[in-house]
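Number of protein chains: 4
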Amino acid sequence: MTTKQRFGAGIWHFATYVDRYATDGYGPPRSLLEMIDLAGQVDDLSVVDINFPFPGGTVSLAEIDAALARNKLSVIGITPEIYTRQFAKGAFTNPDPGIRRLANDLCNEAAQVVRHFGADYVKLWPGQDGWDYPFQVDHKALWTHSIEGVAELAAQNPDLKFVIEYKPREPRVHMSYDSVARTLLGIERMGVPNVGILLDFGHALYGGESPADAAQLAIDHGRLFGMDVNDNMRGWDDDMIAGSVHPIELFEFFWTLRKNGWEGVWQLDQFPFREDCVAAANSAIGFLKRIEAALDRLDVEALRAAQARQDAVEALNLARKALFGD
Amino acid sequence: MTTKQRFGAGIWHFATYVDRYATDGYGPPRSLLEMIDLAGQVDDLSVVDINFPFPGGTVSLAEIDAALARNKLSVIGITPEIYTRQFAKGAFTNPDPGIRRLANDLCNEAAQVVRHFGADYVKLWPGQDGWDYPFQVDHKALWTHSIEGVAELAAQNPDLKFVIEYKPREPRVHMSYDSVARTLLGIERMGVPNVGILLDFGHALYGGESPADAAQLAIDHGRLFGMDVNDNMRGWDDDMIAGSVHPIELFEFFWTLRKNGWEGVWQLDQFPFREDCVAAANSAIGFLKRIEAALDRLDVEALRAAQARQDAVEALNLARKALFGD
Amino acid sequence: MTTKQRFGAGIWHFATYVDRYATDGYGPPRSLLEMIDLAGQVDDLSVVDINFPFPGGTVSLAEIDAALARNKLSVIGITPEIYTRQFAKGAFTNPDPGIRRLANDLCNEAAQVVRHFGADYVKLWPGQDGWDYPFQVDHKALWTHSIEGVAELAAQNPDLKFVIEYKPREPRVHMSYDSVARTLLGIERMGVPNVGILLDFGHALYGGESPADAAQLAIDHGRLFGMDVNDNMRGWDDDMIAGSVHPIELFEFFWTLRKNGWEGVWQLDQFPFREDCVAAANSAIGFLKRIEAALDRLDVEALRAAQARQDAVEALNLARKALFGD
Amino acid sequence: MTTKQRFGAGIWHFATYVDRYATDGYGPPRSLLEMIDLAGQVDDLSVVDINFPFPGGTVSLAEIDAALARNKLSVIGITPEIYTRQFAKGAFTNPDPGIRRLANDLCNEAAQVVRHFGADYVKLWPGQDGWDYPFQVDHKALWTHSIEGVAELAAQNPDLKFVIEYKPREPRVHMSYDSVARTLLGIERMGVPNVGILLDFGHALYGGESPADAAQLAIDHGRLFGMDVNDNMRGWDDDMIAGSVHPIELFEFFWTLRKNGWEGVWQLDQFPFREDCVAAANSAIGFLKRIEAALDRLDVEALRAAQARQDAVEALNLARKALFGD
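Chains as they are written, first to last, in the numbering used here: chain H, 1 to 326; chain Y, 1001 to 1326; chain G, 2001 to 2326; chain S, 3001 to 3326.
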């Protein structure tokens, strides 16, 4: 199918991974340039999100620029790694003010890299900010740090956008920015224009949200700055291939974007631990194109009428008809 | 143990129940006066929350007053039943404006009953407001109705308080007011002083929240107007006896209330389907008194120091020492 | 589409429901004959499973026979209601031996009704057999009663089949027959030929099973005597329209049946609380026909090759191609 | 408190960890000898379970013997690492027969190490045996491999015991040996005397089992060969400090062991990612000693009477009284 849509991916889609069991990794380590060259093999990929410090060993900006150019890729965002060993007890919420300062420094460096690439945003995913045990933290202090840490960055870099990617949990048992509503509450308290949400479909799903509803809420608050998709079994952030488990809710999510005129990049945040990463990306994007075509086929007028009655059966039938073809 | 704390319960604690299988009920129906007399048998109960229209058949206000008086009980809140058949597709969010009007009428009647009893609030639990299926609703319209419906009530009754009891789901697959943060977002948009949250410990728990963190957030927004407790298996609103599964998180919840100087009633929202309702209430309140004593025993200074380091082991040891006695 | 497949439904699909909140029911009560006439309006329904005692008030076998005949329906199974008030603390596992005897009596009466209709089986769904609280039961005694209760029925009725419909929970917090493996373990201990499993797709799903894997296991033990489908959000038995949330796993489930040559009826176990029941059944069966056609389209050879390599991406692509059409 | 009970731990309790985010680890790597010396610092630890190949770099058996001796520790089991990179697609169920052979070889080597230490068993935790995606595997073939792989080991080593530690998921989205009942079904099909279950309290909990019920079932099948404890939030294998979240179910679990006369070692399987590992072990064992004392205090006669009536409130009150002290 032909497509007008631009697609993207986190560059880690093309990395290899470790976990607490396969400590030797699910494959040999890859350099960032190798990852970019793999990303270039995907059929319709335009942009990537890159971790910082750059993963996979020393590399220069010029080398990255060249690799991106030869693969016709550009950079949409930079993700500072505020979740490695030194941040094990938190970045913005670390009990040690020195570590909180390091987190701020690293994000400011990432901001410089955003400027270099002309990217859209610094992506903040404070995965170690939160708690594990009952009684472990002073919840008021923790949430205050969560808000102030991001607000400070936004004030330091008024020319840039910052996006918060909320997530219910992992690696902490509970993450501070755990849901769309909590994150919006925090952003409202910051009171700055340049902080928004990057909505991860899978995070919404396993957090018990409707991803479509979460997207609508973020849009209504003027804060949906980015998004990515994947899939899971609703109990964990499995980062599986988009559409492999929940194709209908994925369709509803994209319908919500379209009806609001949201026109950003459709990104992937997948972790193909045991799969060929290029094949996994192609499989996902192939399905996203089906969704794009289904959006054109959807009988919008009939759907709006069904929704006005909250008629689940008719709405489902209309969605199915558009998505599954004949 | 002696206690300074006041305890309360939803009057439905003393009802019998039906579900979709035991359609003949888990026991013979009870009148409201019978329920009140059962409530009076509980060792340390001071207040009750009563459904409206009054459950269990026709009864006069004078009869209720008398029953309350003979059992030394007063009324803390009135819960309008905006979740029965006519509201099966929603109260504030019903697609039919006529039904939305009925919901408003019923809540205004409940407000009159609050005034009669000198109670603290009208409790809103819009359990049918939400959705079941992907594509069923226009999420923006639904959320707008959720907010406007409550805001209208608050404006109509500026002399009263309204509390929203959020809950992730049941009976709808997804409830509109699903979490503490979402509810606070909605309340902020209402911009009125007389709407707050009634925080149900079990709803927070099975919604993936830390109840202590949820309480802190509501307090920090000045919106914790009430609370009740129970327990569950973290996957459903089991409404089991408080402390029967999660005693440590229950203790942390009450510690959060105490350290913020929150001094309201400790209420029960339990559904003893197959248990003796008086025994179930006594079991819960007995454990709440243990928690009250443990709060006195807790080494607050050491706990604050451990939390300042986010030292989970030490904090846990301190909590255990206070809660489990010697 | 034309179909060779026979479809069925639990007659409760056409009832109205109560729950603990909408105690006045989601609609006016219906008689069994009304339910049968509604079932007859579904496009391709051949068989029904009927509760016993017959729901919806007094009715004669002759009246039921006539209603079935005029709607071209036959009976596949009878479900004794061993989960109403008298069985609130269990049927086979009730602490009171007198109630256990009543459960046995009721199931034997149901067996007579099976014979009357020439149905396939007595369906046992002991939804009240289990526990709610830690420490509530002696687990060894409970499991022994679970097994002996069914084994006794099988011995009393060697000419009939009994199917156990396992389910993780609801209305008990934990059901005794909670999973496919547990149920098979119990059946093996019974050592009788006429007890098998009725596998409910949704129960497998929200119990954390792969329904396809559960079906394969039951088939390999020679015990898959029946099945029904629906859908849910993986956390509760929502009994939603089949395929509305998990179409791909539904497809894998039916692929498993086909590759094993399992040729029984495809049944629905849906609870359309707020939906038109005929429309909900038609929506589900419409999708099941799509699956039937997709099974014909599936490139079986390529799929087997992909599975031999455990190649998730290729297997998913093949499944998608067959299910979503062009 | 004094204790008669012997306590143990997986040696990985004293390791440092990596995950997919903190790829540089939650602390500097430790050698096995360092881990053993840390284990020796725990107040009441008698035995350890050791991974094989030995973690943390090259080490000789003699060095390990010496380290164990100086710390007064012995070895209860050896855990072959059949879940590292080469086994990423499975050990016993790997699609490649050459890898399946490697898994068998490694387990046989582990058996030799068990003999060296005079340990009790080879512990099999085939964490990579399972699947991630719908349609990925042929479930019949996968389960057959799961059974045959373990049965072969048991036949090759009739002088030794093998224990299977089942777990619902992680690192695979679904593990083949996922529950107590499934594992018992598999063991029954093996038909060998020297394969049993190592029951992990947390795995039972987040798999939706009652750990007490799971223990009873394994005991009744004569297959409870070992156990370990920890805690979690019921949605993931958090491997938190035992008793930190679910003290009452932990108590019920140990009550079940005691009433069946099960007298093995009480082991820990905790992962203190961000905690001091010695403090975390002491915290857990301290609580286990409280449970040991509570078992002595429990009014067994009254409890049995309450359970005979399935009286949840009375049983809970008795358990609380014993566990929480005065």
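Hints are computed from structural coordinates only; laboratory data are not their basis.
By construction, the Cβ of each residue, glycine as well, lies at the ideal position given by its N, Cα and C atoms.
Wrong hints could be hidden among the right ones.
As the list claims (entries may be wrong) - Only pairs whose alpha carbons sit at most 25 angstroms apart, straight line, appear in this in silico SDA-like list of lysine to any residue:
(1) S/3321 - Y/1293
(2) H/321 - G/2095
(3) S/3259 - G/2293
Stated by the list, open to error - Among the chain S residues that face chain H by a calculated CB cut under 10 angstroms, a handful are:
(4) 3012
(5) 3024
(6) 3086
(7) 3232
(8) 3304
Unchecked claim - Across the chosen pairs, the derived CB separations fall in these ranges:
(9) H/276 - S/3144: 21 to 31 angstroms
(10) H/29 - S/3158: 37 to 47 angstroms
(11) G/2189 - H/293: 45 to 55 angstroms
(12) G/2309 - H/6: 44 to 54 angstroms
(13) G/2258 - H/41: 34 to 44 angstroms
(14) G/2108 - Y/1293: 49 to 59 angstroms
(15) G/2148 - S/3299: 26 to 36 angstroms
(16) G/2004 - S/3158: 44 to 54 angstroms
(17) S/3061 - H/41: 39 to 49 angstroms
(18) G/2263 - S/3096: 32 to 42 angstroms
(19) G/2108 - Y/1276: 30 to 40 angstroms
For this session: Take the C-beta atom of residue 2148 of chain G and the C-beta atom of residue 3299 of chain S, compute their distance, and say whether it sits inside 26 to 36 angstroms.
Result: 29 angstroms Cβ-Cβ, so the 26 to 36 angstroms window holds.
For this session: Look at the Cβ atoms of residue 3061 of chain S and residue 41 of chain H and judge whether their distance stays inside 39 to 49 angstroms.
Result: Holds: the Cβ-Cβ distance is about 48 angstroms, inside 39 to 49 angstroms.
Problem set entry | Pairwise beta carbon distance, residue 2309 of chain G to residue 6 of chain H, judged against the given window 44 to 54 angstroms | With a Cβ separation near 33 angstroms, residue 2309 of chain G and residue 6 of chain H fall outside 44 to 54 angstroms, so the hint is violated.
Problem set entry | residue 2258 of chain G versus residue 41 of chain H beta-carbon gap, inside 34 to 44 angstroms or not | Holds - the Cβ-Cβ distance for residue 2258 of chain G and residue 41 of chain H, about 36 angstroms, lies within 34 to 44 angstroms.
Exercise. Is the interface hint for residue 3232 of chain S satisfied, with its Cβ closer than 10 angstroms to some Cβ of chain H?
Worked result: 8 angstroms, holds
Problem set entry | chain H contact restraint for residue 3012 of chain S - C-beta distance below 10 angstroms | 9 angstroms, holds
Exercise. Does the alpha-carbon distance linking residue 321 of chain H and residue 2095 of chain G stay inside the 25 angstroms limit?
Worked result: 52 angstroms, violated
Problem set entry | Restraint satisfaction for residue 3024 of chain S [CB to CB of chain H, less than 10 angstroms] | 5 angstroms, holds
For this session: May I ask you to test the hint 32 to 42 angstroms on the CB atoms belonging to residue 2263 of chain G and residue 3096 of chain S?
Result: 35 angstroms, holds
Exercise. If you check the beta carbons of residue 29 of chain H and residue 3158 of chain S, does the distance land in 37 to 47 angstroms?
Worked result: Holds, at about 43 angstroms.
For this session: Mind checking the alpha carbons of residue 3321 of chain S and residue 1293 of chain Y for me, to see if they're no more than 25 angstroms apart?
Result: This hinted pair holds, its Cα atoms lying about 15 angstroms apart.
Exercise. Taking the beta carbons of residue 2108 of chain G and residue 1276 of chain Y, is their distance inside 30 to 40 angstroms?
Worked result: 32 angstroms, holds
Consistency with the previously given hints fails for numbers 2, 3, 8, 12, ordered from lowest to highest.
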